[in-house]
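**Q** Produce the entire structure from the sequences given, and follow the hints as far as they go.
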Amino acid sequence: GESVGLHLPTLSVQEGDNSIINCAYSNSASDYFIWYKQESGKGPQFIIDIRSNMDKRQGQRVTVLLNKTVKHLSLQIAATQPGDSAVYFCAEIRTGGFKTIFGAGTRLFVKA
Amino acid sequence: GAVVSQHPSWVICKSGTSVKIECRSLDFQATTMFWYRQFPKQSLMLMATSNEGSKATYEQGVEKDKFLINHASLTLSTLTVTSAHPEDSSFYICSANPDRSGSYNEQFFGPGTRLTVL
Chain A
1 GESVGLHLPT LSVQEGDNSI INCAYSNSAS DYFIWYKQES GKGPQFIIDI RSNMDKRQGQ
61 RVTVLLNKTV KHLSLQIAAT QPGDSAVYFC AEIRTGGFKT IFGAGTRLFV KA
Chain B
113 GAVVSQHPSW VICKSGTSVK IECRSLDFQA TTMFWYRQFP KQSLMLMATS NEGSKATYEQ
173 GVEKDKFLIN HASLTLSTLT VTSAHPEDSS FYICSANPDR SGSYNEQFFG PGTRLTVL
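For the record, the sequence lines run as chains A and B.
Counting from 1, one number per residue, gives the positions in the first sequence under the numbering used here.
Counting from 113, one number per residue, gives the positions in the second sequence under the numbering used here.
Since the hints were derived computationally from the structure, they do not count as laboratory data.
All clues stand as given, with none of them false.
Think about it this way: if two alpha-carbon atoms lie no more than 27 Å apart in a straight line, the pair counts; the simulated DSSO-like pairs of lysine-lysine are:
#, chain 1, residue 1, chain 2, residue 2
1, A, Lys68, A, Lys99
2, B, Lys153, A, Lys71
3, B, Lys176, A, Lys42
4, A, Lys42, B, Lys126
5, A, Lys42, A, Lys111
**A** Laid out in structure tokens, this is it:
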């Protein structure tokens, strides 16, 4: 079936380094893609989104890249901080509604 | 603004009992809310779309008679896990999409409810 998945289940980075979290998706009809951050025992927190007709969008310390040719999405976090340690999910909004489908998730560890 | 609350934050119950979880949008109205289930170290799985004034729409494989959803008002949706069993133990998360917004991405998540069935 269709899914949104991730290449790496865990990622460990040094504080101050840049982090890149990747995601592969299979539904080319999705309208939007979103990155969420989830801390232990809490609900997901919106980080950044990108419309399907864009290939890059920047926020504060974060950048999302979308490559529709290979159906790949990535989240780049600049100058990673200990507070960035969490599980990151990519998600897609499929055509026709607000239903959000989540990917498998990547746990980010930031070493001080 | 745009806060979604859930109650209770955690609950422990005996097998065979029913448990009700509330999801409230505190400062906005939401015709549409969503219920997710998340097992340890796994992703969020969409269970159903809750619609105020109409029946919920369940995802494939989710038993509607097992997970009763009632969207009684524009600020409240409830999920009742009926005859709970240990395999229903999970983290249940709701989200709400504000009626004021035409944008999909204004979807706000609740803090989740940890259900443990003994």
